[in-house]
Amino acid sequence: MALEKHTNSAVSEKSPPAPGMTQRQRWWKFGPNVLVAIALATVIAFLGVWLSGTLIRGRARSDWTKTGRFSLSPRTKALVADLPCDVRITNLYIHSPDNPQSEEMFRRVQDLVSQYGAASSKVTVEEVNPAVDAGGVEGLVKRLRERYAGELEKPKALIEDYGKIQKDLGAFLPAEAKRLTQAAAAWKDAPPDATNALRMVAQRWTQFAAVGQFVEADVTSQTEQALPAYSTAVARIKEYFKQVGDNFAAVPELYGQLQDAAKKAPAPEEVNALLAGAKTTYEPFTKQFAEFDKKSADLKELELDDIRRDISQGDCILLESPTQIKVVGLEDVWVRNPQADEQHPDVPERLFAGESAVSSTLLSMCKPDKPAVLFVTFGAPATMGGNPMMGGGGGAFAQMAARLRKANFIVEDWDLARSPEMPKPEHATKTILVFVPPPPPNMQMPVPPATPEMFKPAIDAVKAGTPAILLADPAGMMSPGIPYAELFELFGITPKTNAICVHKVVVDAMGNEKAVPQIEVTAYESSTITEPVKGLPTMFLAASPLVVAKESPAGVTDQVLIALPVGADYWADTNVMMAGRGEAKFDASEDLVSKKGEPLALGVAATRTVKDAEQKAVLFGGARFAEDRVAFYRDMLGRDMFPGNAELFVNSILWVAGSEHLITVSPETLQARRLGDMGQWVLPIQLAVAGGPTLLVAIIGIIVYFWRRR
Amino acid sequence: MSKVLLLTRREVSSFFVSPIAYVATALFLVIAGFFFAFGDFRPGAPAAMRAIFEVMMIILVFIIPILTMRSLAEERRSGTLESLLTAPVTDTQVVLAKFLGCWLMYLFMLAPTLLYVILLAAYGHPEYGPILSGYLGLALLGGLYVAVGLLASSLTSNQVISAVISFVVLIGLALLAPWIATVLPSEAWGIPLRGIVQRTSVRLHYADFSQGVVDLVHIIYFVALTLYCLFLTVKVLESRRWR
Chain A
1 MALEKHTNSA VSEKSPPAPG MTQRQRWWKF GPNVLVAIAL ATVIAFLGVW LSGTLIRGRA
61 RSDWTKTGRF SLSPRTKALV ADLPCDVRIT NLYIHSPDNP QSEEMFRRVQ DLVSQYGAAS
121 SKVTVEEVNP AVDAGGVEGL VKRLRERYAG ELEKPKALIE DYGKIQKDLG AFLPAEAKRL
181 TQAAAAWKDA PPDATNALRM VAQRWTQFAA VGQFVEADVT SQTEQALPAY STAVARIKEY
241 FKQVGDNFAA VPELYGQLQD AAKKAPAPEE VNALLAGAKT TYEPFTKQFA EFDKKSADLK
301 ELELDDIRRD ISQGDCILLE SPTQIKVVGL EDVWVRNPQA DEQHPDVPER LFAGESAVSS
361 TLLSMCKPDK PAVLFVTFGA PATMGGNPMM GGGGGAFAQM AARLRKANFI VEDWDLARSP
421 EMPKPEHATK TILVFVPPPP PNMQMPVPPA TPEMFKPAID AVKAGTPAIL LADPAGMMSP
481 GIPYAELFEL FGITPKTNAI CVHKVVVDAM GNEKAVPQIE VTAYESSTIT EPVKGLPTMF
541 LAASPLVVAK ESPAGVTDQV LIALPVGADY WADTNVMMAG RGEAKFDASE DLVSKKGEPL
601 ALGVAATRTV KDAEQKAVLF GGARFAEDRV AFYRDMLGRD MFPGNAELFV NSILWVAGSE
661 HLITVSPETL QARRLGDMGQ WVLPIQLAVA GGPTLLVAII GIIVYFWRRR
Chain B
1 MSKVLLLTRR EVSSFFVSPI AYVATALFLV IAGFFFAFGD FRPGAPAAMR AIFEVMMIIL
61 VFIIPILTMR SLAEERRSGT LESLLTAPVT DTQVVLAKFL GCWLMYLFML APTLLYVILL
121 AAYGHPEYGP ILSGYLGLAL LGGLYVAVGL LASSLTSNQV ISAVISFVVL IGLALLAPWI
181 ATVLPSEAWG IPLRGIVQRT SVRLHYADFS QGVVDLVHII YFVALTLYCL FLTVKVLESR
241 RWR
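Note that the protein sequences, when read in sequence, are chains A and B. Each step along the first sequence adds one to the number in the working numbering, with nothing skipped, and position 493 is 493. Each step along the second sequence adds one to the number in the working numbering, with nothing skipped, and position 135 is 135.
Bound-form chain B, shown alone (with noise of 0.2 Å):
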C-alpha cells in the first residue's frame, strides 16, 4: 500500500508541475462557470446546482481525457514505463498509483467549485443534500471517467489517440447509451437487449445522485465498471511482457 500512496504522490506531484493539468482545469472551471453562473445563478433561478451537476457529466466527457491521456501513454513514449514495470511493484499498484494520482487530480479540479455552495448559500437557502450527494455522484462519476481515460492510455503511445479513444467511450457510456437504447430492438435472441444498453448508461446511475437519491445500486454500477477498466489496464500493462 505504501509503495501505491508513493506513487501516487509522484503521479500528483507530476500533475502540479505540468501545465496540461492548469490547462485542463482552467478549461473545467470556465465551461462549469460559465454554465453555472449564467444558467443556475439568476435571481429568481432555482436555488440547487442540479441542473450544473447534469452538465458537469457532459464537460467532464472531454476534459477527464485531458487529465489522463499522458499517464501511461506518455510514460511509454518516453520509455519511462519500462523502468517502472521493472522497479519493485507489481502491474497493479503502478495502476492503481496511476488512477489514485488522476483521480486524485480530478477532485482538486472540482474543488473550486465550491464556490457555487458558497454563492447560493449567500443569495438562497438551497438543500445541501442534494449538493453532497451531487458531489459524492461527481466523484464517483469521476472515478470511472479516469478509469476509462487510463485504460486508453495503456493501449498506446501517443497522447492525441489515448485521449480520443476515452472520447470515443465516455460519449458512447454517457450520450449515446441512452440514444441507442430507443433504436434497439427491446429483444433479440432472447437478450433483453435495450434493457442491457439502458442499464449501462452513465446517465441513468448519475442522475439520481444530483437530485438527493443515493442509492447502493449506483454505487455498485460505478464501482463496477471503474475496477473492470482498472483490470483491464492492468491486464494491457501485463500483456506488453509475453505480446
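This is chain A alone, in the form it adopts within the complex (with noise of 0.2 Å):
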C-alpha cells in the first residue's frame, strides 16, 4: 500500500502534462514558471555571493598557517589588549579598481588594520584612499596640522620674519642696483676698474633680486601646501641669506678700494656719498640675516616633515597615538620575496608582512621599556659606527642589529678599549651581553690588545647572572682567539678554538673534492629556540666546534642546539690554517669528528643558577654565521641563501632575554622554508612522482577493462 502511495505521488510529481496540449500552449503554461524559478534561484546565488563579500569578508575566517600569518598572533592580541592609549591606525594605500593589484593589496592590509581594531576598543581604525577621498585627506591633514602647533609656531615666526626682511630686500637691490649705474655713469673720469666694480656689483644686485624673487615663491609653495614643509623652506632661505650676506660683506672692502681709486680721480658728490656709506646701507641687512640664522639654528628637523615625506611616498598605515604619529611604509608592510626570482613568475614578489611592522610600530609607541642587547667588542664597532676611513658605515653586524631593534630590543655597542662601564640605554629593562670576538690586528689602527683583563667588566657581568650570547672564533695568525673564553668554561662547555669544522664537497666536473669551512645545516636539535626554525638553512662559517662536558658544573644544563653532522665529510681540522685555506685533510689522529650520542656541538643553549635565579646563555662555535655578510648574503638573484641564520640568532636572543612566548619565525621567513638535499635521488624520485602512480592507475584500468571484456 505504502509502495503503491509512493509510486502514485512520484507519477503524479513526474507525471507529463495534460495528453492534447500543443508545444507552444505547454512553453506557455510551464516556461515562465521555470524562468522565474531561474531568475529567483539567479538572484538568491548572485546577492549571496556579493553579499557575503561585501558584509563579512575578512571578518569570518580561519587562519590555518602555523604562525598566523593571516591573523593576529597571541603576541599582537596581547599588546593591542594592553595598549596604554588610545591609537588611530589609517590605511593611506591608494587602490582602484583599474588596478586590481593595488584593490588587493589594500584590501590585505585593510583586513589587518581591521583586526587591530576588532581586538581592542582603544584602536580606531579608517581608511583614506588619498587618490579620491578628498574629504579623508582634509580631515587627516587638518589632524596633523592641529597636532603639530606647537612645533610649527618656531619655523612659522621665521617665515614671517623672512617675509618682512625678503621685503625689504625685494625693494633695496632693484634700488640699489639703479644707484650704482647712475653712480658709474656718473663719475665721468672714474678708472675703467672703478666703473666696472660699480656696474658688476650692480649686476649681482639685480640677479640676487631676481633670485629672491624665485625664492620666495619657493618658499610660499612649500609653507602653503596642504602639510607644510617648513624645514625645507626655512633651508632654502637660508642658503639665500647667506650668498647674500656674504656679498653685502664684501662690499665695503671693495667700495674702500673704490675710494682710494677716487682720491687719483675725483668722483662726484654722490659717489663719495655712495661709496662712504657703504657699511649703514648693507650692514643693517647682514645683521637681520645674521639673525636670522641665529634664530633658525636651533630649528631641529620637524617631525612633520618626516611625516609629510613619508606619507607623499604613498601606500602606507599611518599610526597615531596622544604623544606619537609614525608611517609604516610600503617596504616594511610589502617586503621583497627572496624566494621571488625570473624562473619563478608565479612567486610572489613580494610577501606581506603587515602585522610584524604594525605590531613592532606599536610597541615602539606604546612600550618605551625594552631589553637591551650589548655587543661587547674590542676596538671596532659591531653594530654602528663604522670608520668610514676603513670603508664602512656600520659595523660587521649593523643588519642584524636593524632585525632585533624590530622586535623591540634597544641595541648598543659596548666598546671596551673605549670605556669598562658597561653602557646603560634609557628605559633598558634588562641588559644581554653579546661576545663578539676581537678584530685581527690593524696596523693602520694600533690598538693595545684584547687581553681577559680587558673584558673583565663584561666577564664579571656573566659571572654575576647577566644573560649571553657567547660568540667563539678559531684562533690563528689572523684571529688572536676569544679573552672570554673562561666564560665557556662556566657553562660547561669547551670551545675547540684549535680547530675548526669542515665540510668535504665535490668542487668540479671532474669529481674533485676539497674540504671548505663552511657547515651549513638544516637539521637542529629539538628546543625552543630551533623548533621554529626547522628546515630553514643555517650557514657556519668558519667556526670551531663546542665539547659539551659529560657532566655540567653544578647548576648548568646544556642542551646542544646544533650539532656538527656526523660523516665521513664532516669533522673539525685542528690545522686551522691549512683548513682556512680550503685545503684540510682529514686525521684521525688529530682531528675531531662528531658521534652520535657524542656530538660536537655548533650551538649550545645553557642555563646556570646564580643566587636563586636562573641565567641564560646561548654559545656558538663561530661569530661570522650572525654577521651580515653570512645572516643575510643573497644570490645574484636577490634570494636569500641563509633566512636560518638570522632567525637563529633573533631567536636566541630572545630566549636569554626570557621572552620564549615571542620566539617565531618571521612569515617572510617561514614561506622559505626549503626541502633538504636528496642526493643522487633527485631524478629518481622526480620520475617516480610523476609516473608512478599514473602507471598504477593505468595498470589497474587495464586489469579491469579486461576483466569486464571477461
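Among these hints, one or two may not hold up.
Stated by the list, open to error - Sample of chain A residues at the chain B side, in silico, Cβ under 8 Å:
#1 Val-49
#2 Lys-534
#3 Gly-535
#4 Ala-698
Note that these hints are calculated values from the structure, not bench results. Quick reminder that beta carbons are idealized off the backbone N, C-alpha and C, glycines included.
Two chains, two separate frames, one set of hints: put the complex together.
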C-alpha cells in the first residue's frame, strides 16, 4: 500500500502535462514558471555571493598557517589588548578598480588593520584613499596640523621674519643696483676698473633680486601646501641669505678700494656719498641675516616634515597615539620575497609582513621600555659607527642590529677599548651581552691587545648572572683567540678554538673534492629556539666545535641546539690555517669528529643558577654566522641564501631575554622553508612521482577492462 | 536520502568499471605529478604545495569535464535516462546522486596526490595547515566544477559537446574572469560591472585556500554556485516532460 502510494505520488510529480496540449501551450504554461524560478535562484545565488563578500569578508575567516600569518598572533593580541593609550590606524593605500593589484594590496592591509580594531576598543581604524577621498585627506591634514601646531610655531615665526626681510630686500636690491649704475655713469673720469666694479655689483644685485623672487615663490609653495614643508623652506631661505649676506659683507672693502681710486680721479658728490655709506647701507641687512641664521640654528628637523615625506611616498599606514605619530611604509609591510626570481614568475615578488611591521611600530610607540642588547666589542664597532676610513658605514652586525631593533630591542655597542663602564641605555628593562671576538690586529689602527683583563667588566657581569650570547672564533694568525673563553667553561662548554669545522664537497665536474670551512645545516636538535627554524638553511662559516662536558658544573644545564653532522664528510680540523684555505685533510689522530650520542656542537643553550635565579646563555662556535655578510647573504637573483642564521640568532636572544613566548619565525622567512638535499635520488624520485601513480592507475584500469571483457 | 545513497553507489561503481575514469585519473596524475615533481619538488624549493594547488585549479578545468560528460549525456543517449526518470525517485535525487558520484570519484582521483605531502614531509618541514586548507579548497572547487559539468551534461546527449560546454564555462569562470574584469569598465548604468565579474572569479576565491586561509565568504561562493548549477540541472531535467 505504501509502495503504491509512493509510486502514485512519484508519478503525479513526474507525470507529463495533460495530453492534447500543443508544444506552444506547454511552453506557455510551464516556461514562465521555470524562468521565474531560475531568475529567483540566480538572484539568490548572486546576492549570497555579493553580500557575503561585502559584509563578512575578512570577518569570518580561519587562519590555518602555523604562525598565523593571516591573522593576529597571540603576541599582537596581547599587545593590543594591553594598550596604554588610544591609537588611530589609518590605511593610506592608494587603490583603484583599474589596478586589481592595488585593490588586492589595499584589501589585505585593510583586513589586517580591521583585526587590530576588532581586538581592542582603544584602536580606531579608518581608510583614506588619497587618490579619491578628498574629504578624508582634508580631515587627516587638519588633524596633523593641529597636532603639530606647537612644533610649527617657531618655523612659522621664522617665515614671517623672512617675509619682512624679503620685502625690504626686494625693494632695496633693484634700487641699489640702479643707484650704482647711475654712479658709474656719473663718475666720468673714473678708472675703468672702478666703474666696471660698480656696474658688476649692480648686476649682481639685480641677479639677487631675481633669485629672491624665485626663493619667495618657492617658500610660498612649500609653506602653503596642505602639509607645509617648513624645514625645506627655512633651509632654502638660509642658503639665499647666506649668498646675499656674503656679498653684502664684501661691499665695504670693495668700496674702500674705490675710495682710494677716487682720490686719484675725483668722483662726483653722489658717488662719494655712496662709497662712504657702504657700512650704513648694508649692515642692517647683514645683521638681519645673522639674526635669522641664529634663530634658525636651533631649529630641529620637524617631525611633521618626516611624516609628510613618508606619506607623500604613498601606500602607507599611519599610526597616531596621543604622543606620537608614525608611518609604516610599503617596504616594511610588503617585504621583498627572497624566493622570487625570473625563473618562478608565479612566486610573488613581495610578501605581506604587515603584522610584524604594525605591531613593532605600536610597541615602540606604546611601550618605550625594552630589553637592551649590548654587543661587547674591542676596538671595532659591531652594530654601528663604522670607521669611514676603513671603508664601512656600520659594523659587521649592523643589519642584525636592525633586525633586533625591529623585534623591540635596544641595540648598542659596548666597546671595552673605550670604556670599561657598561652602557646603560635609557628605558632598558634588562641587558643581554653579546660577546663578539676581537678583530684581528690592524697596523693602521693600533689598539692594545684584547686580554681577559680588558674584558673583565663584561666577564664579571656574566658571572654575576647577566644573560649572554657567547660567540667563539678559531684561533689563528689573523685571530688572537677569544679573551672570554673562561665564560664558556662557566657553562661547562669547551670551545675547541684550535680546530675549525669543515665539510668535504665536490668542487668540479671531475669529481674533485675539497674540505671547506662552511657547514650548512637544515637539521636542528629539538628546542624552543630551534623549533621554528626547522627546515631553514643556516650557514656556519669558520666555526670551532664546542665540546659539552659530560658532567656539567653544578647548577648548569646544557642543551645542544646544532650539532656538527655525523659522517665522513664532516670533521673539525686542527690545522686551522690549512682548513681556512680549504686545504684540510682528515687526520684521524688529531682531528675531531661528531659521534652519535657524543656530538661536537655548533650551538648550545645553557642555563645556570646564580643566587637562586636562572641565568640563560647561548654559546656558538663561530661569530661569522651572525655577521651581516653571512646572515643576509643573497645570491645574484637576490634570494636570501641562509634565512636560518638571522632567525636562529634573534630567537637565541629572545630566549636568553626570557621572552620565549615571542620566539617564532618571521612570516616572510617561514615561506623560505625549503626541501633538503636529496642527493642522487632527485631524478628517480621526480620520475617516480610523475609516472608512478599514473602507471598504477593505468594498470588497474587495464586489469578492470580485461576483467570486464571476460 | 537512502535513494540518493543507493544511486550514488551505483554511480561510483559505474565509474570504477569505466575506462574513462581511469583515463581521466591517469591524465590528471601525470600532469599534476609532472608539475609537482619538476616544479615544486626540487632541493632548495619551498616545502609547500601552494604552487601545485594553483596549477590543479587549471588542470581540473580540463579533467573534470571528462569525468562528468557521460553522466547525464550518456544516459540520455542510451535511453536509460527515461527509465531513471520514471523510477520512484525525484529529479533532485537523481541529480544529487549523479553529483555525489562524480564528486566522490574526483576525490578518489585526488587521493594519490597525498603522496606529495608524504614526500614533502620526508625531505622538508612543510606547514600542514595550508596543505589541509588547500585540499579543502580543492574539494570545494571540485564540487563546483562537477556541478558545472553535470549541468553541461544535462543539456545534450552528445558527450563531446557536453565536455566542450563544460570547458568553455569553466575556462570563463577560472581563467578568463580576472582578465575580463580588467577590460571591463568599472561601472556601467550604475552597475559595478568590474566588481561583479571579479567576485565571480574562481581564482579570487580559491587562492586563499591554497595559502592557508579559510574564509566563510569563499565557502559561501563555492557552495552557492554549486547549488545553483545543480538547481539548473534539475530544471533542465524537469523540462524534458513539458518541452
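We went through each hint and held it up to the structure:
Contact between Val-49 (chain A) and chain B, as hinted, is supported at the beta carbon level, the nearest pair being about 5 Å apart and thus within 8 Å. Restraint check, Lys-534 (chain A) versus chain B: the minimum CB separation of about 5 Å is within 8 Å; hint holds. Taking 8 Å as the C-beta cut-off, the interface hint given for Gly-535 (chain A) holds, the closest approach to chain B being about 3 Å. With a cut of 8 Å, the hint placing Ala-698 (chain A) at the interface with chain B holds, because the nearest CB-to-CB distance is about 5 Å.
Hint check: no violations occur; every hint is consistent with the structure.
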